[in-house]
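S.K.: Sequence:
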Amino acid sequence: MADNEDREEAVRDAVDVSRSGAPAGGSVIRDRFSADEIFQRIIVAADEEVTVGTREMFFAGVAGGFAITVTFMLYASLYAKTGGDPILSALLYPLGFVFIILGDYQLYTENTLPPVALVLERLASIPSLLRIWVVVLISNLFGGMLGALALATTNVLSADAAAAAAGFAQKAIETSQITLFSKAVFAGLIVAGVVWVDYSLRDSISRLVLIYISFLAIPFGNLYHVVVSATEMFYLVFIGELALSVGLWQFVLPVLLGNSVGGVVLVTVVNYFHTTERRLETARDEGPKRQLTLREWIWGGWSASGRSYVPATDEVPRTDPESRENER
Numbered sequence: 561m562a563d564n565e566d567r568e569e570a571v572r573d574a575v576d577v578s579r580s581g582a583p584a585g586g587s588v589i590r591d592r593f594s595a596d597e598i599f600q601r602i603i604v605a606a607d608e609e610v611t612v613g614t615r616e617m618f619f620a621g622v623a624g625g626f627a628i629t630v631t632f633m634l635y636a637s638l639y640a641k642t643g644g645d646p647i648l649s650a651l652l653y654p655l656g657f658v659f660i661i662l663g664d665y666q667l668y669t670e671n672t673l674p675p676v677a678l679v680l681e682r683l684a685s686i687p688s689l690l691r692i693w694v695v696v697l698i699s700n701l702f703g704g705m706l707g708a709l710a711l712a713t714t715n716v717l718s719a720d721a722a723a724a725a726a727g728f729a730q731k732a733i734e735t736s737q738i739t740l741f742s743k744a745v746f747a748g749l750i751v752a753g754v755v756w757v758d759y760s761l762r763d764s765i766s767r768l769v770l771i772y773i774s775f776l777a778i779p780f781g782n783l784y785h786v787v788v789s790a791t792e793m794f795y796l797v798f799i800g801e802l803a804l805s806v807g808l809w810q811f812v813l814p815v816l817l818g819n820s821v822g823g824v825v826l827v828t829v830v831n832y833f834h835t836t837e838r839r840l841e842t843a844r845d846e847g848p849k850r851q852l853t854l855r856e857w858i859w860g861g862w863s864a865s866g867r868s869y870v871p872a873t874d875e876v877p878r879t880d881p882e883s884r885e886n887e888r
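If you're matching positions, the sequence shown starts at 561 in our numbering and goes up one per residue.
It should be emphasised that the hints constitute simulated quantities derived from the structure, not laboratory data. Certain hints may be false.
Keeping only pairs whose Cα atoms sit at most 20 Å apart, straight-line, the calculated SDA-like set for lysine to any residue is [to be verified]: (1) 641 - 712; (2) 731 - 642; (3) 641 - 721; (4) 731 - 808; (5) 731 - 801; (6) 731 - 638; (7) 641 - 780; (8) 731 - 781; (9) 731 - 746; (10) 731 - 799; (11) 731 - 640; (12) 641 - 726; (13) 641 - 723; (14) 641 - 719; (15) 731 - 719; (16) 641 - 715; (17) 731 - 803; (18) 731 - 645; (19) 731 - 712; (20) 731 - 634; (21) 731 - 647; (22) 731 - 809; (23) 731 - 804; (24) 731 - 721; (25) 731 - 813; (26) 731 - 777; (27) 641 - 724; (28) 641 - 717; (29) 641 - 776; (30) 731 - 800; (31) 731 - 741; (32) 731 - 643; (33) 641 - 652.
Construct the entire structure; sequences and hints are all you get.
M.R.: As structure tokens, this is what we get:
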């Protein structure tokens, strides 16, 4: 009887752990993860993020920029068709973000949480984090620029929709930089919050609802997302109504800084310290001994200073009930 109970418990434990070693089910309630368990899942995702090649990351970011173009196009089209109704015009705004998150594309604001979590654990260096941010941001802007060029040089948008599209950036240019920054902080908070909660969900329907409702809050709250804002700015540049330098300085830069602060400081760091001190041991088998040194953490990847990343070991718990039972 005891053997059967042990076997059942071993099978249950095995099912609740993914092949990567991250929890696939909550330890207390199977369909609800604790903050520590969410963090463990984020660490595993960050491992994959850090090891992605630059080329793959760049083109995934370009795809993300194209997806944001869909958001911009639909927002302008519905804005024109609904006479500028603030509710109806925004109903399809989240579609590009749905493509990005469910399609596993790269988005700058989405990438604030997992890599930063790995850096805070001193399992990845600051330069490795900056590499991800720079590659993803540049590729997102490049994809958004190509999308804006296509919209500006074709007849995809109706005359009314084109006027609405131009009006988005014109309104932002007339807004003070501190206001843009403040609104972008809250947008960054929303996006990074979506990433955190996304790792607590296990099915696509729940993720879809989360993404749709959360990103609907950006137009409803008159907030700014840097890739959407850059796409709007590029559109205005391509139709000859704005200088690129003015758009970058007065519009895109304040939004970029605000999104970064909202995503990194207000969500990532707060949620990081919300978890317990058992984070590192659950992320790497050898615990603190595997952390980067301070020199590696600051300079790793930029000089011959040792490691820039601590890879996950292969000896994480696997879905093998018999081995678990033998350990008992």
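S.K.: Each hint: holds or not?
M.R.: The hints, checked one at a time:
For a cut-off of 20 Å, the pair hint linking residue 641 to residue 712 stands: about 19 Å separates their Cα positions. Annotation: proposed proximity of residue 731 to residue 642 holds, straight-line Cα distance about 19 Å (limit 20 Å). Proximity of residue 641 to residue 721 is assessed by CA-CA distance (about 8 Å); at most 20 Å being required, the pair is judged to hold. Note on residue 731 and residue 808: the hinted pairing holds, with a Cα-Cα distance of about 15 Å set against a maximum of 20 Å.
For the given pair, residue 731 sits about 13 Å from residue 801 by alpha-carbon distance, which is consistent with the 20 Å threshold. For the hint linking residue 731 to residue 638, the alpha-carbon distance of about 18 Å falls within 20 Å, and the restraint holds. For the hint pairing residue 641 with residue 780, the CA-to-CA distance comes to about 17 Å; that is within 20 Å, so the pair holds. A distance of roughly 15 Å separates the Cα atoms of residue 731 and residue 781; the hinted pair therefore holds under the 20 Å criterion.
Our distance criterion of 20 Å between C-alpha atoms is met by residue 731 and residue 746, whose separation comes to about 19 Å. A distance of roughly 16 Å separates the Cα atoms of residue 731 and residue 799; the hinted pair therefore holds under the 20 Å criterion. For the suggested pair residue 731 and residue 640, the alpha carbons sit about 16 Å apart, so the restraint of at most 20 Å is met. Distance check on the hinted pair: residue 641 and residue 726 sit about 15 Å apart at the alpha-carbon level, within 20 Å; holds.
Note on residue 641 and residue 723: the hinted pairing holds, with a Cα-Cα distance of about 12 Å set against a maximum of 20 Å. For the suggested pair residue 641 and residue 719, the alpha carbons sit about 11 Å apart, so the restraint of at most 20 Å is met. Annotation: proposed proximity of residue 731 to residue 719 holds, straight-line Cα distance about 18 Å (limit 20 Å). Straight-line distance between C-alpha atoms of residue 641 and residue 715 comes to about 16 Å, which keeps the hinted pair within the 20 Å bound.
Distance hint between residue 731 and residue 803 is fulfilled; the C-alpha atoms sit about 15 Å from each other, no more than 20 Å. The straight-line distance between the Cα atoms of residue 731 and residue 645 is roughly 16 Å, inside the 20 Å bound, and the hint therefore holds. A threshold of 20 Å between alpha carbons decides the hint, and for residue 731 with residue 712 the separation of about 18 Å falls inside it, so the pair holds. Proposed proximity of residue 731 and residue 634 is supported: the alpha carbons are some 18 Å apart, at most 20 Å.
Taken as a hint, the residue 731 and residue 647 pair is honoured in the structure, with Cα atoms around 18 Å apart against an allowance of 20 Å. Annotation: proposed proximity of residue 731 to residue 809 holds, straight-line Cα distance about 15 Å (limit 20 Å). Annotation: proposed proximity of residue 731 to residue 804 holds, straight-line Cα distance about 16 Å (limit 20 Å). As the CA atoms of residue 731 and residue 721 are separated by approximately 15 Å, the hinted pair is consistent with the 20 Å bound.
Using a Cα cut-off of 20 Å, the hinted pair residue 731 and residue 813 holds, with the two alpha carbons roughly 16 Å apart. Our distance criterion of 20 Å between C-alpha atoms is met by residue 731 and residue 777, whose separation comes to about 19 Å. Between residue 641 and residue 724, the direct Cα distance comes to roughly 10 Å. Compliance with the 20 Å bound is thereby established for this hinted pair. For the suggested pair residue 641 and residue 717, the alpha carbons sit about 11 Å apart, so the restraint of at most 20 Å is met.
Among the hinted pairs, residue 641 with residue 776 is consistent with the structure: their alpha-carbon atoms are about 18 Å apart, no more than 20 Å. Only pairs whose Cα atoms come within 20 Å are accepted, and residue 731 paired with residue 800 is accepted, the gap being roughly 16 Å. Restraint check for residue 731 and residue 741: the C-alpha separation of about 15 Å stays at or below 20 Å, so the hint holds. Pair hint residue 731 plus residue 643 holds up; C-alpha atoms about 17 Å apart against a cutoff of 20 Å.
For the hint pairing residue 641 with residue 652, the CA-to-CA distance comes to about 13 Å; that is within 20 Å, so the pair holds.
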